[in-house]
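*Asks:* Read top to bottom, the protein sequences are chains U and D.
Each residue of the first sequence is one higher than the last, beginning at 205 in my numbering.
Each residue of the second sequence is one higher than the last, beginning at 824 in my numbering.
Read the hints as simulated data drawn from the structure, not as lab findings.
A virtual CB, placed ideally from N, CA and C, is assigned to each residue, including glycine.
List of simulated lysine-lysine pairs, BS3-like, C-alpha gap at most 30 Å:
hint	chain 1	residue 1	chain 2	residue 2
1	D	864	U	260
2	U	264	U	281
3	U	305	D	843
Distance ranges between label pairs, derived from CB positions:
hint	chain 1	residue 1	chain 2	residue 2	range
4	D	897	U	318	42 to 50 Å
5	D	897	U	267	34 to 42 Å
6	D	875	U	220	45 to 53 Å
7	U	221	D	832	31 to 39 Å
8	D	888	U	318	46 to 54 Å
9	U	262	D	893	37 to 45 Å
10	D	828	U	262	23 to 31 Å
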Amino acid sequence: GNSVTQMEGPVTLSEEAFLTINCTYTATGYPSLFWYVQYPGEGLQLLLKATKADDKGSNKGFEATYRKETTSFHLEKGSVQVSDSAVYFCALSRRTGANSKLTFGKGITLSVRP
Amino acid sequence: GAVVSQHPSWVICKSGTSVKIECRSLDFQATTMFWYRQFPKQSLMLMATSNEGSKATYEQGVEKDKFLINHASLTLSTLTVTSAHPEDSSFYICSAYHRGQNEQFFGPGTRLTVL
Numbered sequence: 205g206n207s208v209t210q211m212e213g214p215v216t217l218s219e220e221a222f223l224t225i226n227c228t229y230t231a232t233g234y235p236s237l238f239w240y241v242q243y244p245g246e247g248l249q250l251l252l253k254a255t256k257a258d259d260k261g262s263n264k265g266f267e268a269t270y271r272k273e274t275t276s277f278h279l280e281k282g283s284v285q286v287s288d289s290a291v292y293f294c295a296l297s298r299r300t301g302a303n304s305k306l307t308f309g310k311g312i313t314l315s316v317r318p
Numbered sequence: 824g825a826v827v828s829q830h831p832s833w834v835i836c837k838s839g840t841s842v843k844i845e846c847r848s849l850d851f852q853a854t855t856m857f858w859y860r861q862f863p864k865q866s867l868m869l870m871a872t873s874n875e876g877s878k879a880t881y882e883q884g885v886e887k888d889k890f891l892i893n894h895a896s897l898t899l900s901t902l903t904v905t906s907a908h909p910e911d912s913s914f915y916i917c918s919a920y921h922r923g924q925n926e927q928f929f930g931p932g933t934r935l936t937v938l
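One chain only, chain D, in its complex shape:
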């Protein structure tokens, strides 16, 4: 299977600061990537669909100005949590669509803790 990485795997930050999370497809190009959020004992909630070279499509209820997504290359999408607050603490997971295998491949996730 194809490999997707996320960096960092965990991060702790102070309230009011911004945090950037990277999602990389290591051995394939991905025109479409997805960002999910997962709360403890809850399902993955899709936040946005990231398309290379165009604006991300956000799900209803997700603040686009707070969760900035940039998909500037075929192997990298970034999620920036701006002015983070404790309620933004969560597990963030990305996936990348592999066209040749017609399958989404998932990163291992990033644990964000906002103090």
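Same shape as in the complex, but just chain U:
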């Protein structure tokens, strides 16, 4: 079956530090890949997505590249801000339409210190 594995957390960084959050997946075929972010007290929000190999999703300074050869979709940001403190979830779906089922990783909590 499908599965998503995220690196263990939590992660604590100083402001302006470089961020990498690892995500690998197991799936048949060509899934679509997503990063969701959950700010305190709010629902999950789509951060970025990629629907085919070598696609790069980007939003708010975050980037992730769909690497089929390594089955990975690592999230990166060059300079984090305190406002980036949140829980980050990697997810996949087997089809490109967003009305298809999502499989999530465990999520990782990021805390950014001023």
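Take the given structure of chain U and dock chain D to it, following the hints.
*Replies:* Positioned in the frame of chain U, the structure of chain D alone reads:
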């Protein structure tokens, strides 16, 4: 982005009682909604897919008679936990599919505690 609400945000109930959780898409219509369950420090686990006007599709291992889902309108889906027990205590999250934006929008979740 579109807004999805859940009500209540938290609920405490006695073992053996039933609890209903509402999921509403506030500014769009959603033919498809999803219900997830999240345990502490665990990922979101999809419980069922709720389709307006038809029966929900449950994931393997989810008891349909225990977790009743009703999607009677294009803006409302409800999850009823029947005869709740302490092991049903969890964080329940819904999402609604926005066709125009081709994206799922998530509610803030409902914390259920069964005593």
